[in-house]
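There are 2 protein chains.
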Amino acid sequence: MMGNRLLIVLLSFVSFAQNDPSIAGFSADAARRQKELESRFDSHINRANLQQWLKQFSAKPHHLGSPGSKEVAEAAAGLFRSWGFETEIETLYPLFPTPKTRLLEMTAPARFTAKLTEPAVDGDATSAQTPGVLPPYHAYSIDGDVTGALVYVNYGLPADYEKLAEMGIDVKGKIVIARYGASWRGIKPKVAAEHGATACIIYSDPRDDGYFQGDPYPAGGWRNRDSAQRGSVMDMPTYPGDPLTPGVGATKDARRPPYRQGATLTKIPVLPISWGDAEPLLRALTGPVAPPEWRGGLPFTYHVGPGPASVHLNLEFNWDLAPLYNVVARLKGSDLADQWIIRGNHHDGWVFGASDPLSGAVALLEEARAVSVLAKSGWRPRRTMIYCLWDGEEPALLGSTEWAEFHAAGLQKHAAVYINSDSTGRGFFFAGASHTLETFINQVSRDVTDPQTKVSVQERLRAVRTLRGDKDPAEIPVGALGSGSDYTPFIQHLGIASINFGFGGETASAGVYHSKYDSYDHFVKFEDPDFQYVFATVQAGGRMMLRMANADYLPFRFDSFSRTVSAYAMEVQKLADDLRMRTATHNERVRSRAYELAADPRRTYVAPKAQDPVPHLNFAPLLNAAGRLKESSGAFSKLSLANLTPAAARELDEIMIQSERKLLTDAGLPRRPWYRHQIYAPGYYTGYGVKTLPGVREAIEERNWTEAEQQMKILAGVLDAFASQVDKAAAVVKGGAR
Amino acid sequence: MMGNRLLIVLLSFVSFAQNDPSIAGFSADAARRQKELESRFDSHINRANLQQWLKQFSAKPHHLGSPGSKEVAEAAAGLFRSWGFETEIETLYPLFPTPKTRLLEMTAPARFTAKLTEPAVDGDATSAQTPGVLPPYHAYSIDGDVTGALVYVNYGLPADYEKLAEMGIDVKGKIVIARYGASWRGIKPKVAAEHGATACIIYSDPRDDGYFQGDPYPAGGWRNRDSAQRGSVMDMPTYPGDPLTPGVGATKDARRPPYRQGATLTKIPVLPISWGDAEPLLRALTGPVAPPEWRGGLPFTYHVGPGPASVHLNLEFNWDLAPLYNVVARLKGSDLADQWIIRGNHHDGWVFGASDPLSGAVALLEEARAVSVLAKSGWRPRRTMIYCLWDGEEPALLGSTEWAEFHAAGLQKHAAVYINSDSTGRGFFFAGASHTLETFINQVSRDVTDPQTKVSVQERLRAVRTLRGDKDPAEIPVGALGSGSDYTPFIQHLGIASINFGFGGETASAGVYHSKYDSYDHFVKFEDPDFQYVFATVQAGGRMMLRMANADYLPFRFDSFSRTVSAYAMEVQKLADDLRMRTATHNERVRSRAYELAADPRRTYVAPKAQDPVPHLNFAPLLNAAGRLKESSGAFSKLSLANLTPAAARELDEIMIQSERKLLTDAGLPRRPWYRHQIYAPGYYTGYGVKTLPGVREAIEERNWTEAEQQMKILAGVLDAFASQVDKAAAVVKGGAR
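These protein sequences, in sequence, are chains A and B. Take the first sequence: its letters are residues 6 to 743, numbered as in my numbering. Take the second sequence: its letters are residues 6 to 743, numbered as in my numbering.
In case anyone wonders, no lab produced these hints; they're calculated from the structure. Fair warning: there could be bad hints in the mix.
No copy is singled out in the list; a pair is fine if it fits within one copy or between any two copies.
[Unchecked claim] No farther apart than 30 Å at their CA atoms in a straight line, the calculated lysine-lysine pairs in the DSBU-like style are these:
1. K476 - K168
2. K168 - K530
3. K579 - K476
4. K476 - K614
5. K459 - K614
6. K418 - K105
7. K168 - K459
8. K105 - K65
9. K739 - K476
10. K579 - K257
11. K257 - K75
12. K337 - K733
13. K120 - K381
14. K257 - K105
15. K381 - K40
16. K177 - K739
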């Protein structure tokens, strides 16, 4: 029982925001009814289901193409059907390579053969299983059999190769070893190949997700010496999904080139290894001592090489098509059935996948079940609710991408929003989204209670942000979406407003990420022992779906989007200004020989060269467009949406739905037309990490001034189109009051 | 041979500064003659002497009280005499404890006995010696025999104990283990005792000076698994020197209390150990995982404890007086013999002491020899040059402190400047000094050529600073003096303007610091293989001495001092302002429960309490005094010193000499009256690290507002006295033109 004094503090802390009863898209009366509905929804959530399904579905391997994947899909489809959803399993056939040969050995200065396996560990029941387990490998690495001197390249990003060049080291013809982290893994072999390396090894340094962070599994939750991180290395920043069917669904009879023509396969072979396997290789390197920030947690001095360590890597894969089982369950809306509210989470895992993806998948299932209980009691959503469990997310967002490509026309017409989850666990609420949904998300996080502290999950998040020094306005800013889960095809290819959400930050999930040890036993020890946060995920997901489905009008806000775009416009200006100053400083240092004079003459040092100065760019088109958008959205926010006629509300919905589409261009981004969204994209050299205003931003980063100004105009065009859409919405509101 | 293009760049880089022929204190003519003298001086420097003496003096242990120390002192005295210096060995008798019993064992959860020895290593000739070698220990630790649960306290600073308190951990009655770094070592047992610990172990984490930094000795230059850092743990921020004779010389018949009454002995026993000995202890700790910034380079997860590791520490020392041999060699000045220019470096080492102190000591010897060659050729310094080699620096700056205390009256009357060196090696010029000497030091660094790059050592230093982003004015700012070498009694106790200088930054000297492996073999492999930088140290030291000795008038500048003091005054204001804002932010976080809400409820967490708000302090006395000083020194800089009569020049010299004395107070700093300088002091909780305007700054840091305002007035008083001295100098100049 809580002491009195604390209780008073607690009550005084329940701020204005938390008492605010309003819900965007609802009249005051409707909001009251909606809150009652949500209370009933909460009362139907059953923690036992979460625990039981997580255990059941993680009992055996369920990666794409495995018997386990099919069983999970069929079991989930059976559940959806039993709850009254119109349910289908939609089967598609993407290319999915699995390993045939994996050999990594050091041939000099000593012989060593990498184990490349994850053994059973005490207290982890599934870890003893071997049949059907995909061993550590990288999906969409090409085949290769190469030998060469080894070079340590830190995280393997472009800046790391610049540093190597300063040390006089060229990786051409050599095999590079990079550590996991700082970028999506697929960037590492891409950059290595650009620099002429013949192969790439990626290992998990204990500094980053191993013993430096916490006790290794099974004593603690963190990565142990034999655990390796599987994963895709496809060039997803170019396009995700089946390499052989870009832009169209990978149906059985889709036209496919020979697999080697898949544009997104790696150029060089790649293999993930554990630090146990990496240690002898790294220890055998000599050459320059690695720069301080390159050094990891292994107990020796990190050297860069090249050699004397020489390694032999032989990789061969089965280049087969795999059957992919997407589960799609519909609950038809009443009066607005042609507006679709879509919810998704993947069901395939790399091995047992308890956290990734089942923690999110079972939350989605329980959410659907609780919705079905409401539906059985007479309630009906106004809009159509669609629950999806995707297969093949791990290799390349295959299930969602191929489905979205296959159903593109219908989705672009009907989909109002796509709401995604993936791994979830103990900790703090997080959400990335289209910025038209910032208010919507804040109202959801305001209305879900944190299981551990009993304040709202928003208040808890605000506490973390406060300690970090973030200055939050009334609404907590929502992050932009890059890539890394199934929302990508919806937002970036089809222009459907999207959300990705969950909980985390107090788990050790990174320590078993994409390993055999992402198991039920690990989950209940180190991630969410009481399923409290899976439960909270059901509550948050359920509110998002029920509010979207029931709203008087769709709860999109143009002002938060406009504010965010203006901030991004400032950022790219600052990016150019900073780059200009940095370049000038750099060139002055080259001129004054500061680099050479400061360098240790006993070490090889190749001073960097002068760079072309950064010109002033014409930001006017972008700033004018952002200004117009601000005016339009400002005018719209002043309108009352309280008393619209049903026809006007419906028309407004259609305009809202189509607004995100206006942010696409047909041509897409330079050199990657599949990515059509001009505000959000995964970075070409970050992979998962988002680049906002990507056309302009990446052109500046790559010092391509002509392209930057071209992209500025294109971007201004989509912002203008968006502003026109806002004006259209305003006209409807003005003309459509009851 | 250098390419033409590079040569042009090189020539264009020889900037204005380097072509500036002026030397402060000299007329244009005198400066020309001085430069010729310096060229002759350079031509007499013999690298072979440096190499030979370094080898000879590092051949056996030469710590205070050892036969080796006496031999080095006698050999050096013989050399000085042979070069024509009036030379004495002045013997004093400070307390110097040496180890009798050293036992460290873990008693639970497993038994382990620490080795506490440094074995012989391949390729290091002296490392096989054992007779006479002082084993790893901490001088002035008290005796003690204690057993207790172990707690890891990171660097053992006050902030680390605050963090422990947040984790709910109290060290009372426990034994703490701290890693070396982030403060002078003597702070760690002091703070541990303040928090109730019963003993303190200090180990060298491989993150800080071991394999993380570079290959361990002998493969590379860095600390190996068995090497431990000896050193003093006396409470030197209270007073250095003999604990039993504060303020007076430790002569044979000085009055001494029983040794246990020495105020600067530690309160609890302390022992330094290697990481090899620390590893089993740290591995055996459980309890909370250490915060990320506490984790070192050992290959396991760092836990804080307490326990289950329990350790037993037994330490006993011989509490004897040791004979201390200071070598003092004089070359009498001609017309200004009662103005003393003093140069010093210590000669005692913890073991073989090749780098520390012999690299600096042999440079001083060769400098004196080259000066003696000039003297034999008819040149004579105007002022008296005094060369000193101190004994007993390592335990507590004993030789310099006791000598300075013993000769206090004469020194305060006659000493113009004290110029110190200590370890020196490959890399970059560094200097800390009284800020009246900033121009003087810049003109010396302008006129010494870097042996590796052939630009001036100032240009090379500027290159490093440029890459660090430092904005340098025409003169490179000189650092303030804290403690850590023999200048301390001269500047901080006697108010003699001082300089500490050397070269470094491209050596691995930290890796063998205060260990048996600080040897000749290490030095020639990893510190200064060709004695190039010991040579440059001779050049820099020689220029400083010859310029001071020959100048028409002493080259002190009041404007650089005034500018620096104004900057410090801004700093302490900002310190108070930042503390006020931080306190307000903190209190708001306490009020809003942000600390508790953001914390992981599955871990013990004691949220910090609200703090008293920081009031606005009255900075007016300090600002007014700084303003007056600025006016006075500004007026003085406008005067021409070109044509002073000899009497006026002499009077000006006396004023210059006494100006630094004006910065002392009789009462000294609060709670440590030995430290009388009001501008520079070693920090009470940093040890070596300087605190400028220490009375005011430390009162603010310790949140003692009353004391801060009292100290502000005292500080204003010394600045006023200094300004009056400047005015006096101006009056002399105005009245004394020929």
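(message) With identical chains, the pair K739 and K476 could be close in the same copy or across copies; at 30 Å between alpha carbons, which is it: within, between, both, or neither?
(response) neither (36 Å within a copy, 59 Å between copies)
(request) Could you place K177 and K739 in one of the four classes (within, between, both, neither) given a Cα distance threshold of 30 Å? (result) For K177 and K739, the Cα distance exceeds 30 Å both inside one copy (65 Å) and across copies (73 Å).
(request) If the cutoff is 30 Å on CA atoms, where do K459 and K614 land: within, between, both or neither? Let me know, please. (result) Answer is between; shortest inter-copy Cα gap is 22 Å, intra-copy 57 Å.
(request) Go through the copies and call it for K337 and K733: within, between, both or neither, with a Cα cutoff of 30 Å. (result) Close inside one copy (29 Å), not across copies (96 Å); limit 30 Å.
(request) With 30 Å as the alpha-carbon cut-off, assign the pair K579 and K476 to within, between, both or neither. (result) both (20 Å within a copy, 22 Å between copies)
(request) If the cutoff is 30 Å on CA atoms, where do K381 and K40 land: within, between, both or neither? Let me know, please. (result) within (18 Å within a copy, 101 Å between copies)
(request) Up to 30 Å between alpha-carbons, please classify K579 paired with K257: within, between, both or neither. (result) For K579 and K257, neither the intra-copy (49 Å) nor the inter-copy (70 Å) Cα distance is at most 30 Å.
(request) Give the relationship of K476 and K168 under a CA distance limit of 30 Å: within one copy only, between copies only, both, or neither. (result) This pair counts as between: shortest inter-copy Cα distance 25 Å, intra-copy 35 Å.
(message) When Cα atoms must be at most 30 Å apart, do K476 and K614 count as within-copy, between-copy, both, or neither?
(response) For K476 and K614, only the inter-copy Cα distance (22 Å) is at most 30 Å; the intra-copy one is 40 Å.
(request) Please work out whether the CA atoms of K418 and K105 approach to 30 Å or closer within one copy, between two copies, in both situations, or in neither? (result) neither (43 Å within a copy, 88 Å between copies)
(message) For K257 and K105, with the copy left unspecified, which applies at a CA distance of at most 30 Å: within, between, both, or neither?
(response) within (24 Å within a copy, 85 Å between copies)
(message) With identical chains, the pair K168 and K459 could be close in the same copy or across copies; at 30 Å between alpha carbons, which is it: within, between, both, or neither?
(response) between (49 Å within a copy, 26 Å between copies)
Hint compliance for this structure: hints 6, 9, 10, 13 and 16 are broken, all remaining hints hold.
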